[in-house]
Structure formats: structure tokens, C-alpha cells
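Colleague: Each chain, letter by letter, is given below.
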Amino acid sequence: MKFTLKAMLLLGTIALTSTAALADCGIASGSVRILSNDFEALKIVAAAAEECASATVKFSKNQTSEHKNLQVPALTSNPAEYTIAMVANNSVVPLLSGGLIRPLDDLVAKYGKDLEPNQLIKIDGKTMAIAFMANSQHLFYRKDLLDKAGIAPPKSYEDVLAAAKTLQEKGVIKYPLGAADKAGWDLAAEFVNMYLGYGGEFFEPGSAKLAINNEKGKATLATMLALTKFMSPDYLTYGADELNKDFQGGKIAISNNWGSLAGAAVDAKVATADVVANTMFAGAPTVGGGTTPAAALWWDGFSIAKNISDEDAAASFQAMMHGIAPDVAAKNPSAATWLIKGYKPGPTAVGVIQTAAGGAKPYPMVPYMGLLHTALSTGLADYIKGSQDADKAMAGVEAAYNAAAKEGGFLK
Amino acid sequence: MPHRTFLAFILPSIVAMLLFIATPIMSIAVQSLYIEHDKILVMSETCQPLGGCVKETRVDAEATAKIRHDHPLGKFNGFGIYTDHNHLAFADIGKIVTSNLGFNETAARIYDLPFYRALVFTLTYALTVTPLAMCLGFVIALAVNAVPKLLKGPVIFFSLLPMVVTPLIGSLVVYWMINADGILGAAIQLITHNPDLSLKASPTMTWVTLICYGIWTNAPFSFVVFYSGLQTVPSDTLESAMIDGASRLQRVRFVVIPTLLPLAVFVTLVQLMDNFRVLEPIIGFNAAANATSLSYSIFIALNNQSAQLFSSAAATSVLTIAGVLILMTPVLMKTAREFGFRT
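Residue numbers (the working numbering), protein chains in the order written: chain C, 1 to 412; chain P, 1 to 343.
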């Protein structure tokens, strides 16, 4: 979900090199039209799929961060504007709710010989999407700075807070911590991560009724606020990309950022030499004595539109199989934490893998999660800047969510 | 002009206005009265990579599609959206007002409601930026008018730059400049001898920053209009004022300003409308934590991560239009008095 300038440059080189090598994907004919988000790994996959273009196979792609707003109307039309929608935990939900994507089991049986069982996203036993990479927020930390203060790498948020205090007291770094606390999507994602770490449930089982206004929710808020005391006073304006820039500049000792940005964080072209040499990645910390890493697990994958011909669906599926073939992951080990067969994780993939191995929970796929995310994104800003108490913040989020859920037809 | 000719003359404009202005507004107004159908939820098993399988609720796509097909507009909800927590919040206001909390606490609680918070900033922004940007524009126009002919071209070009830059890009550029490491941010820290001073951290400073940015970006419009207006100020009146011994300030006060007043009314109208729908600076400055506007509420409703809240966006749009009308009423009434009944 994040992209960098570097990703764009990289795309340029890939596009140049890949057009030269036309691959035989075994597609007789058909049309392949991709709609996807706009970040490095997805560009690599789309560029690899594009190698299948030929005189009989038409190929087009639209890679934009606005994909979430385009996908539902584009796939509702018949025939659908795109044959392939690249999706993640959150963006596949509206497609499922609208019945806009087709089951892929027969295509998997026919063409999916390279797929691993854990790449298949199954709803009621039917494969509705194929995942090819995992993502999550996890620890980025500077080993040199921690060593200087004599601190062991943190395992929990309590460790992180203690480490931050020591780093500040010993004068190693002025603002030791950083988080993507920008009011909006990022801030809500931070809440989701931490709340999952406390083992919280977002909704009452089987209903859209909100269940975050409890002790776990308040503990989540308290920890988030405690962390901000060790951040630059501008923390409310830092999204994941801004945060990564500060990390690259060596201004932060410990941050919890996206796995998909780990490669960029230690890119020698943009990061300072100290950062490149001394940055370590690890799984997301636990919190409050729990054992689950406090981070939501994400996957990125693709679905095939329902409103297209079977021929186009088969062509699209085959092109994507070429796009996520084992050699694509092997050639770009640091672009993402691939779920593709035979992938050997590089040093920048450690964080996501440890987070997953620690048993982190996936970002919820329930249809009203998006409404809660929005309510959190605007409702927590006052609390996190310290001008509102937790009870009021929770009540505000709950009221905003209830109104939105009623409008969306989820609550009466 | 005979009525027929006049009608034929303005008919295309009227048709275009009906088609491109009135119809969309009507459609928004209708949309705001409907909400989505009750979703039919079913339990299903979801298996995800690394996360294992869980039982989760899911929307029954077929059943929901059928209801939507039968009633495409949605479920009629009357003014329910307008009065809910995310908009006018009548129930919340009622509760706050009846619990007798004293003025400050009542105001603070109302300000906590998302719509009123957005409204307060929107009004503050529109009502400060408009006059200040107009004053600045007027001063620039006077200054440029006094510049020697040779320099006029380049000076005008540079004065127009803030308007040429797209607001979103302009605000992003300034955002990075006022960053603690940016040239402006670092300079301010140096001048105030306060290494922790941040323009982005405190609500007040954020508002000041946004308003200053608004003045900077809006001044050129007033400047252009006033500058062209200055060319029409009768030179004989100016000269006779000079003969009567009027100073430069007095000439501006008693000759230039009265001549430009009708223009000022026009600029006020346009600028008020413009500033009332402030959005880009809030995005560019990442300022949503400290300042939201009505347009920002619409943006959020439509730029949700999965489900767009069309009815919410429609209701906020209608409320925005109402707000613009209320704001413009005094100016429009004044114009009607001055020009409407003369002919």
C-alpha cells in the first residue's frame, strides 16, 4: 500500500528490460486488464505479467493508489473494465460483498501448479483470491544506538518505552521513537495493530455491533499515547512514508513501519551510511504481557472479475501465474515478503516473517471494518494529541461508527 | 432588446445551467434522503495466508443485489442522515444543552462533534482569509501600479505565481519547508531560539499556518481584479484631487476605493465561495488532526477504505451549499439594493 519514488524508478528499468524478453505463457488468446494499487512489488508483478502480451493477447494495466475507488464501479459493468483486480485484506471485501469476483478453483486446478496451499484465500471453501505477498508493520531499529545506550533489542512495547526513556536520558537521540500517527488511515491502522496485540475483538461475534469500548481498547489508547511522548512533536503529521524518511535520515532509533518500506529504509541511495549499516528488522513487539505481535497481517493478491468471458478469465489467470512465477520472487527478493514458492527471504523480509510466525492476527475482513477504520481515523486525533480523554475518544468513535454503519445498512 | 431576442440569447446558458448545475444539485439532494438497504449478512469461513481460518460475517452478495435491483435508490431515510451524529447531531446537541454544563464545557462538547468542528474551521478560514487576501491583493495592485513600466511585466508574473501553483502542490511544498529541517521551520526555530518550536504540532499554529497559506494563495486573484480595476480609475478625478492637495493615502481612500467598490463586492463573493470549500491545504499540510473542513468531511466519506458513504457525502454537500448561501446573503442583498432596482 505504500510506494516510493524509488519504486517508480525501478519500474522504469524493469519496463525497459522486460519488453525485450517476450515470454511464452501458453495463452492462446484473450484480454488481460489489470487494476492495481501503486507500489513497488505490484509493479514488479504487473511488469512480469505484461511479458505475456502478444499479437493475440491484449494487455493493459492501470496502477493507481485510487484503485479502491475505481474497482467496484469498474467491475460492476458488464463486461468488466478490468479482468484482474489486485487486492488486499481490506480491498477484496467490497468486491466480495458486491459478488463481483469469480471462484478460481477450476483455474487453480488447471494452471496453478506453482501455487502453495497458503496462497489461496478461501471463502466457504471456494478460492476467491490468490495472495502473493505478505505485509505488516514491524520493528525497524538502529542497533548502533541501542548498543550505545546498552539496551537489548525490544521484544514488547513495554521494552520499547523503557528503551526510549534510556535513549533520551543518555542523550543518544532526542526523539527515539516514531510511528505513523498521521490523523487518517495511518492512525487508525496503529490502533488496529495495538488492539490486536492486546487480543481485542472489534465487533460482537456475528454482528456489526462495535466492541472496542472496553479495557483493552483503553489500554491500547494509553500505550499509543505513551509512545508519542518520545516522538518528534510533529508526530500527528507523520504518515508511513514521512516516517520512513525520518528513519532514513537517522532521526529515529525505533519505529514500527511497513514491511514493504523496509527495503527503502536501508537503501544506500537515500538513507545515511549509519542507517544502512546498523538498521535491524524484527517482528512487531507484543504488548501488555500478551504473546501476539501487535500488528495486523496483510496480504496482497489478485482476484478475477466475474463479468468477463471465460476465455479472458483463463488468459488473465495464466498471465498472473507468469507474473507471480517463482523466478519473479527470486529475482526481486527485497521488494516484498513474497508468499511465492521457493522464495528465500532476504534481510528486509525478516520483520514480516517474524510477525507472522509470532501468530499475528490478519486484518479483519468483515464488511463493516472499513467503516470502523474511518471512524477511528478521524475520532482518535484529539486523544492522541493529548487534548481529549480516552472515554470521550471511545464514545466519539463509537457514535461516528454507529451512524456510518446505519447508513451502510449494517446496523438498524 | 425585444424579449424574444433576449430569450434566444440567454437560452443556451439557461439550458447549460439547468443541465450542469441544477440537475446535479437536485440529484445530490435526493441522494441525501436515502441510505443503503439493510445488508443481508451470513456467516462464512474465511481462510487467509498465515492467519488460518476463521468464521466471519459476510454480505450475502446475491440477496443484497436483488434488493438493490428492486429499489436502486436505497432505503428512504428522510432527514435521518442530516440529523445523525456525523452531521447536525441533533440528539447529541440536545443531550449536551439539556445537561447544563456551563458555557465553556457546552461549547467544547459541541466542538467535539465532527460536523461542528469542521464548520468552525471552515468559517474561520473563509472569514479571515477572504478579507485579508483581498487587502493584500489590493496593496499589491497599488504597488504594481506604481512600478515603472519596464518592470511591470516580471513583477506581475511573480505576483501571480501563488495562483499558478496547484493548491495541493503548493501546500505540500510549504509543508516540507515548515518542517523542523525545512528552510522556514529551521529559520523560525533560530529566530525564536526555541529548538522545539513546531508549526505543525499545536492546533493554533496549524490554523495560523493554513490561514497564512490561504492568504498567500488567494491574494493574486484579488490583485488581478483590482489591478485591472485600477486602470479604469478616472485620471482627471485623481488629478483634481491632487490639485486640491490630497495626499496619496487620501487619493486611495476617497477616489480609488469608492471606484473599486463594486469590484470588491464581486471579489468577496467569489473568494467566500472559494474559501468555504477549503480542502487541499488540509491534505497537503497533513493537518486533519487539528483542522477539518466541510469539504474534508465529504472527501473522507468518499475516500473511505472500502465502503463509500454516498449519502453522507451528499448531505454534507447540501449543507455546504446552504452554508455558502447563508454567507453570501448579506453581500447579495447589498448588490440587489445597489444595482437591482436602478433600471
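One or more of the hints may lead you astray.
Okay, derived cross-link-like pairs now, DSSO-like style, lysine-lysine, Cα gap no bigger than 27 angstroms in a straight line [what the hints assert, rightly or not]:
1) C:122 / P:95
2) C:110 / C:126
3) P:66 / C:392
Covered stretches of chain C (in silico footprint by chain P; criterion: 3 or more residues with CB under 8 angstroms from a CB of chain P, positions within the stretch not fixed) [as the list claims (entries may be wrong)]:
4) 79 to 91
5) 105 to 113
6) 119 to 128
7) 394 to 400
Per the computed footprint, the stretches of chain P lying under chain C, defined by three or more beta-carbons under 8 angstroms from a beta-carbon of chain C, are [as the list claims (entries may be wrong)]:
8) 62 to 68
9) 234 to 244
Read the hints as simulated data drawn from the structure, not as lab findings.
Ideal Cβ placement from N, Cα and C applies to all residues, glycine included.
Colleague: The structure should be examined with respect to each hint, and the outcome stated for every one.
Modeller: Going down the list of hints, with the structure as the test:
| no. | hint | in the structure |
| --- | --- | --- |
| 1 | C:122 / P:95 | 46 angstroms, violated |
| 2 | C:110 / C:126 | 15 angstroms, holds |
| 3 | P:66 / C:392 | 40 angstroms, violated |
| 4 | 79 to 91 | holds (count 3) |
| 5 | 105 to 113 | violated (count 0) |
| 6 | 119 to 128 | holds (count 7) |
| 7 | 394 to 400 | holds (count 3) |
| 8 | 62 to 68 | holds (count 3) |
| 9 | 234 to 244 | violated (count 0) |
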